[in-house]
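A.B. asks: Below are the chains, spelled out letter by letter.
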Amino acid sequence: MPAFDLREFLLLAPEILLAIGGLALLLAGSVGRGVPGRVAASLSLFFLVATALLVLTVEEVGPEPRLILGSSFVLDGFARFFKLVILAGTALTVLISVRFVDDGAYRAGEYHALLLLATTGMMFMVGGFNLVSIWIALELMALSSYILAGYFKRETRSNEAALKYFVLGALSSAILLYGASLLYGATGELRLDLLAAALPEAMVTGRLLVPTGWLMLSVGLLFKVAAVPFHVWTPDVYVGAPTPVTAYLAAASKTASFAILVRIFVQGLPTLLPDWQIVIAAVASVTMIWGNLAALTQTNVKRMLAYSSIAHAGYVLLGLLAASVIGLWSVAFYLLAYTFITLGAFAMVVVLERREYAGEEVSDYAGLARRAPWLAAAMLVFLLALTGIPPTGGFVGKVYLFAAAVEAGWTWVAVIGVLTSAISLYYYFSIAVQMYLKESTRDTPEPLGSPALTAAIATCVVATLVLGLFPGPFIEFAQAAGLPLP
Amino acid sequence: MPETYLPVLLALAFALILGGVILAASGLIGRGSGGRVKLSPYESGEPLLDPSRKRISILFFLIAIDFVIFDVEAAFLYPWVLVLREGGWPLFWSVMVFVALILVGFVYIWRKGGLDLKKRFRTRWQEASHG
Amino acid sequence: MFDWAHTIPILSIVCYLPLVGAVAILAFLRGSSASTVRRFATGVAGLDFLVSLPLWWAFQRDGELFQFRESAGWIEAIGARYEFGVDGIALLLVLLTTFLGFLAFLSSWSAIQEREREYYIFLLLLQTGMLGVFMSLDFFLFYVFWEVMLVPMYFLIGIWGGPRKLYAAIKFFLYTLVGSVLMLLGILALYFFNGDGLLAWPGLGGDATFSVLRFHEIASQIPPDLQFWIFLAFFVGFAIKVPMIPFHTWLPDAHVEAPTAGSVILAGVLLKMGTYGFVRFSLPILPEATRELLPWMIGLSIGGILYGALVAMAQKDVKKLVAYSSVSHLGFVMLGIFALNPAGLNGGILQMINHGLSTGALFLLVGILYERRHTRLISEFGGLSKVMPAYATVFLIITMASIGLPTLNGFIGEFTILVGVFERSWVWAALAAFGIVLGAAYMLWMYQRVFFGPVRHEENQGLRDLNGRELACVLPLVVLCFWIGLYPKPFFEILEQPVEYIVQRVDPGYAEALAAARPGELPAVVAGSGE
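Residue numbers (this note's numbering), protein chains in the order written: chain U, 862 to 1347; chain C, 205 to 335; chain P, 98 to 628.
Next up, chain U with everything else stripped away, as it sits in the complex (with noise of 0.2 Å):
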């Protein structure tokens, strides 16, 4: 007899719904001559919503978190709020996805199928509860975006996109679940409360096993954040593949691996607590401090947006080094904000770029404001938001983190955080320099809109501003993903 009762699957009704959802529109796009880009998108738009008004529903949670299907996940208010933020994420994904899928000449409804079962996988990721359970939905996760990289099949740097990605991201699978095995050799134990639990036992009696386990999990980790020194896939990844799936990348893989990443060192490895924040401390600092300034020589805008995304990595890390409640609720709510930003950035990219990776040059920017105001508008919200400045919620997030970091006694590494998001300026501003202050030449690409980009766009910006200027319900939002702390 199973060891749980089998009603408690209809508590995942969410995410078995979506799953649903890839699976039909990936037979729907096999059959015949497939479903059109439009009616795809409409399909994987219904679902996603569906999904997360179901969330909202389904999933209430209590004050205590509850732990289903045998303790392989958990219903929290931090899984609500990350699956919410990637659902949400994975929208707007959708919505400047349109003109990508129509004009590429694949089929869209595998694309939106790999889109869809994605994020079931990380929806069960930031669920998970149990080192195999979050393995299993990471690698639904990662094995659909390896897919999803190399959409564009007949591009060298789509494939090679897809090769680093699969070869790198597969590496870092095995090393992450490595450590897991040497945790659990060590421990007995793959329930992350019961493995925090032995672990004080277990550090005695399996003397190197759980320094080695650990790391190795935190190398697999953090690989998965693109995290310094694990980021050397970001940058080739986020340019060869198509940049709506970059944004993807970019925004929910990366919120969901934050998600696991602090869930795993808060709730399985607490006992550890005081190692691992050198660790981060040290990782934070190197990936704030090389991402920026990898970024700054950077002229394509997808790969400054490569290392702009890995500096962020490095700035969430600060929430997660804190290691406080309020550590934690940064993290949420930079998220949260990150997610939209980060896809408004790419949906401009999106906006100028043309096939064959034309247009994406920082020059290609040059006289926006002139030829298109609104967009270079827009533009400069998510700039300014990605740089850190109010009123955008970039601003109230990086204040979260930095706070997070101060009230806990880690101000050095908050110094560099803030020393680093200046000069992260300059480069973002390089961009900024090009809409309102150069020319534009007879080879600028025109904006190329549609309206489900246009309404991407706007979506990010009204929600990049309303984050920074009336951020409190959000904030209150965010404070209900709380974990409870050592």
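Read the hints as simulated data drawn from the structure, not as lab findings. Just to be clear, a hint being listed does not mean it is correct.
As the list claims (entries may be wrong) - Computed cross-link-like contacts, SDA-like style, restricted to lysine to any residue with a CA-CA straight-line distance of at most 20 Å:
| no. | chain 1 | residue 1 | chain 2 | residue 2 |
| --- | --- | --- | --- | --- |
| 1 | C | Lys-316 | U | Leu-888 |
| 2 | U | Lys-1014 | C | Ile-262 |
| 3 | U | Lys-1014 | C | Ser-244 |
| 4 | P | Lys-268 | U | Tyr-1287 |
| 5 | P | Lys-268 | U | Thr-1158 |
| 6 | C | Lys-258 | C | Ser-244 |
| 7 | U | Lys-1014 | C | Tyr-312 |
| 8 | C | Lys-316 | C | Pro-255 |
| 9 | C | Lys-316 | U | Tyr-1287 |
| 10 | P | Lys-483 | P | Gly-550 |
| 11 | U | Lys-1025 | U | Glu-1000 |
| 12 | U | Lys-1025 | U | Trp-1094 |
| 13 | U | Lys-1299 | P | Ala-155 |
| 14 | C | Lys-316 | U | Leu-906 |
| 15 | U | Lys-1299 | P | Leu-263 |
| 16 | P | Lys-413 | P | Thr-472 |
| 17 | P | Lys-586 | P | Val-576 |
| 18 | U | Lys-1014 | C | Leu-263 |
| 19 | U | Lys-1299 | P | Pro-260 |
| 20 | C | Lys-242 | C | Asp-254 |
| 21 | U | Lys-1014 | C | Lys-258 |
| 22 | P | Lys-268 | U | Leu-1157 |
| 23 | U | Lys-1299 | P | Lys-413 |
| 24 | P | Lys-586 | P | Leu-263 |
| 25 | U | Lys-1014 | C | Leu-266 |
| 26 | C | Lys-316 | U | Ala-889 |
| 27 | P | Lys-483 | P | Thr-472 |
| 28 | P | Lys-586 | P | Val-575 |
| 29 | C | Lys-316 | C | Ala-268 |
| 30 | U | Lys-1299 | P | Arg-261 |
| 31 | U | Lys-1299 | P | Glu-213 |
| 32 | C | Lys-316 | U | Trp-1094 |
| 33 | C | Lys-316 | U | Pro-897 |
Stated by the list, open to error - Computed from the model, here is a short list of chain C residues facing chain U with C-beta under 10 Å:
| no. | residue |
| --- | --- |
| 34 | Pro-294 |
| 35 | Ser-298 |
| 36 | Val-311 |
| 37 | Trp-314 |
To be verified - Between beta-carbon pairs, the in silico distance windows are:
| no. | chain 1 | residue 1 | chain 2 | residue 2 | range |
| --- | --- | --- | --- | --- | --- |
| 38 | P | Glu-590 | U | Pro-924 | 56 to 62 Å |
| 39 | U | Glu-1300 | P | Asn-564 | 29 to 35 Å |
| 40 | U | Arg-1018 | C | Leu-286 | 48 to 54 Å |
By construction, the Cβ of each residue, glycine as well, lies at the ideal position given by its N, Cα and C atoms.
Start from chain U and add chains C and P according to the hints.
C.D. replies: Quick look at chains C and P alone, frame taken from chain U:
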């Protein structure tokens, strides 16, 4: 317990030593014979018709991959059969969901022409991506 | 007569009127001609000035320290509130901002010929940002305005600036941003000190706050080493803005490259934010650190005075000369403030206003000349007093104001500062006074080379004198210079209370000594300023 692995270690060592000894002995004792003709590759006693390192269709590779996927997943069904009665309906339906998922994958491969050996991928969407 | 000003949220109106104007231009004046936009924007700025004027009369000199208070919840989760309010110091700066802002708009009519719609939008946004900085009584809100203001200024320099505008714009932005992010860490440190860490977080049931007045109250409890670090963090932020040496290098670039209106606002208002920051935050919140670091502050101030003056003397470009004179004058302001006594502070704050008026006017005048000749090199001019008599007259008055000739405003400010400084140390006062001499030297020398002698360049023969609009820009400034120079009493009156308050905070010993020396003469506010 490490010591329980001792037989494995011994067996491994024995295999390595035996193989090494046989090879070394035949090399030392045996007479070299035949030369070029003996070393040339042949198939069933016939000389080769074309080089052995030729390119083969990726299709075989894909078929092999498909086979491995379904084969491995089918392996899960054996233990299920053994505990089917104890598991009852919940277990039955769980496995049905599992089979359904595999079925979706199967239909997908089928519709994409992954099982279609003759047409060699000349399907419509491929043409579409060219144009 | 102006009591109604207390019943409406007048500060918010003054602050957001330009923002509303900017949005209106964006939304409603899309297809309008440049001249409509120009008139509309100038009208908004003028209206804003008119709306801000009643503050001067409605402000009760002997009333509460901070008046026209507005208070509302904003981000409850972290305890940031929407708090507006002005004391005498902020009031003067608010009026200076609306006034100079209006003049800046007026002066842009002929100077700005391209992308005018965007120009006026940015200028209006800048107004809102600057006003918000002076009005905020919540540190978080203050910081938001402080940074928001950088963006329009960046574009003003970057789009409408001179040849090296890109470099100047990004340099300006980077310098000030580095300063302000460090300041942010200082703010956070204060925030957590006040709230005793985690318990402060309102989300956890605490009552954390960014309230500036609250920070004033707890000033004496902050341990000295913490004060020291926070002071350094604030110092970087404010000193870059002032700018004090060695953080001044962005200023000449920004000033020279900025369009005239940009320079006017930059010199007139933006620089005052740094000094205002010291007065409002560093001194009252971190008194011990202030006293401890006093020699350094004084040294940097005097260094700034002398260095700025010497470098100004070597300049070939009028605008650059005026820019370096700002470094020198702001050094005076800082010196006055760090005298930490009423005379010094009064003088320092008044000198902030004076500098805004006279340097603003100088930039306007240089801009007018530049529009006519498209050069600012001193060697390109000479003998202009014959060609442009009215211009030369106004320029002379402003030059004198800048030097500190009695009957003009500069004299009052500098004299009061010197009185304050002398009280601390005669050596400092002597060094500072030497700066005045240098100031007179470079200003007069420049004036002589530009206006006197024969007209050496053909092109200068037919230069037009001031027209009506230009006169309208400059004359109010001249009038104000005379007003402050001849009858500064209203200004000192309005400053008296806040200055006493700050002295009481930063140097309680001074106030006590004063009370002992002159029993019964102390204003009630000092005795009862503990709130």
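A.B. asks: Determine for every hint whether it applies to the structure shown.
C.D. replies: Here's how the hints hold up against the structure:
1. C:Lys-316 to U:Leu-888: holds, 10 Å
2. U:Lys-1014 to C:Ile-262: holds, 16 Å
3. U:Lys-1014 to C:Ser-244: violated, 41 Å
4. P:Lys-268 to U:Tyr-1287: holds, 9 Å
5. P:Lys-268 to U:Thr-1158: holds, 17 Å
6. C:Lys-258 to C:Ser-244: holds, 17 Å
7. U:Lys-1014 to C:Tyr-312: holds, 18 Å
8. C:Lys-316 to C:Pro-255: violated, 32 Å
9. C:Lys-316 to U:Tyr-1287: Violated - the C-alpha atoms of Tyr-1287 of chain U and Lys-316 of chain C are around 49 Å apart, more than 20 Å.
10. P:Lys-483 to P:Gly-550: Holds. Lys-483 of chain P to Gly-550 of chain P sits at ~9 Å (cutoff 20 Å).
11. U:Lys-1025 to U:Glu-1000: holds, 16 Å
12. U:Lys-1025 to U:Trp-1094: At roughly 7 Å apart (the allowed maximum being 20 Å), Trp-1094 of chain U and Lys-1025 of chain U satisfy the hint.
13. U:Lys-1299 to P:Ala-155: violated, 47 Å
14. C:Lys-316 to U:Leu-906: violated, 25 Å
15. U:Lys-1299 to P:Leu-263: holds, 10 Å
16. P:Lys-413 to P:Thr-472: holds, 11 Å
17. P:Lys-586 to P:Val-576: Since the Cα atoms of Lys-586 of chain P and Val-576 of chain P sit roughly 16 Å apart, the hinted pair holds (cutoff 20 Å).
18. U:Lys-1014 to C:Leu-263: Measuring from Cα to Cα gives roughly 17 Å; hence the hint holds.
19. U:Lys-1299 to P:Pro-260: This hinted pair holds, its Cα atoms lying about 13 Å apart.
20. C:Lys-242 to C:Asp-254: holds, 18 Å
21. U:Lys-1014 to C:Lys-258: Roughly 25 Å separates the two Cα atoms, so the pair is violated.
22. P:Lys-268 to U:Leu-1157: Within the cut-off at roughly 15 Å; holds.
23. U:Lys-1299 to P:Lys-413: violated, 30 Å
24. P:Lys-586 to P:Leu-263: With a Cα-Cα distance of about 44 Å, the restraint between Lys-586 of chain P and Leu-263 of chain P is violated, given a limit of 20 Å.
25. U:Lys-1014 to C:Leu-266: Holds, at about 16 Å.
26. C:Lys-316 to U:Ala-889: holds, 12 Å
27. P:Lys-483 to P:Thr-472: At roughly 19 Å apart (the allowed maximum being 20 Å), Thr-472 of chain P and Lys-483 of chain P satisfy the hint.
28. P:Lys-586 to P:Val-575: At roughly 18 Å apart (the allowed maximum being 20 Å), Val-575 of chain P and Lys-586 of chain P satisfy the hint.
29. C:Lys-316 to C:Ala-268: Roughly 16 Å separates the two Cα atoms, so the pair holds.
30. U:Lys-1299 to P:Arg-261: The given pair, whose Cα atoms are some 13 Å apart, holds under the 20 Å limit.
31. U:Lys-1299 to P:Glu-213: The given pair, whose Cα atoms are some 16 Å apart, holds under the 20 Å limit.
32. C:Lys-316 to U:Trp-1094: violated, 31 Å
33. C:Lys-316 to U:Pro-897: With Cα atoms ~17 Å apart, Lys-316 of chain C and Pro-897 of chain U stay inside 20 Å; holds.
34. Pro-294: Cβ of Pro-294 of chain C sits 5 Å from chain U, so the hint holds.
35. Ser-298: Because about 8 Å separates Ser-298 of chain C from the closest Cβ in chain U, which is inside the 10 Å limit, the hint holds.
36. Val-311: holds, 6 Å
37. Trp-314: Since chain U brings a Cβ to about 9 Å from Trp-314 of chain C, closer than 10 Å, the hint holds.
38. P:Glu-590 to U:Pro-924: 56 to 62 Å: holds, 59 Å
39. U:Glu-1300 to P:Asn-564: 29 to 35 Å: The hinted range 29 to 35 Å holds for Glu-1300 of chain U and Asn-564 of chain P, with Cβ atoms some 32 Å apart.
40. U:Arg-1018 to C:Leu-286: 48 to 54 Å: holds, 50 Å
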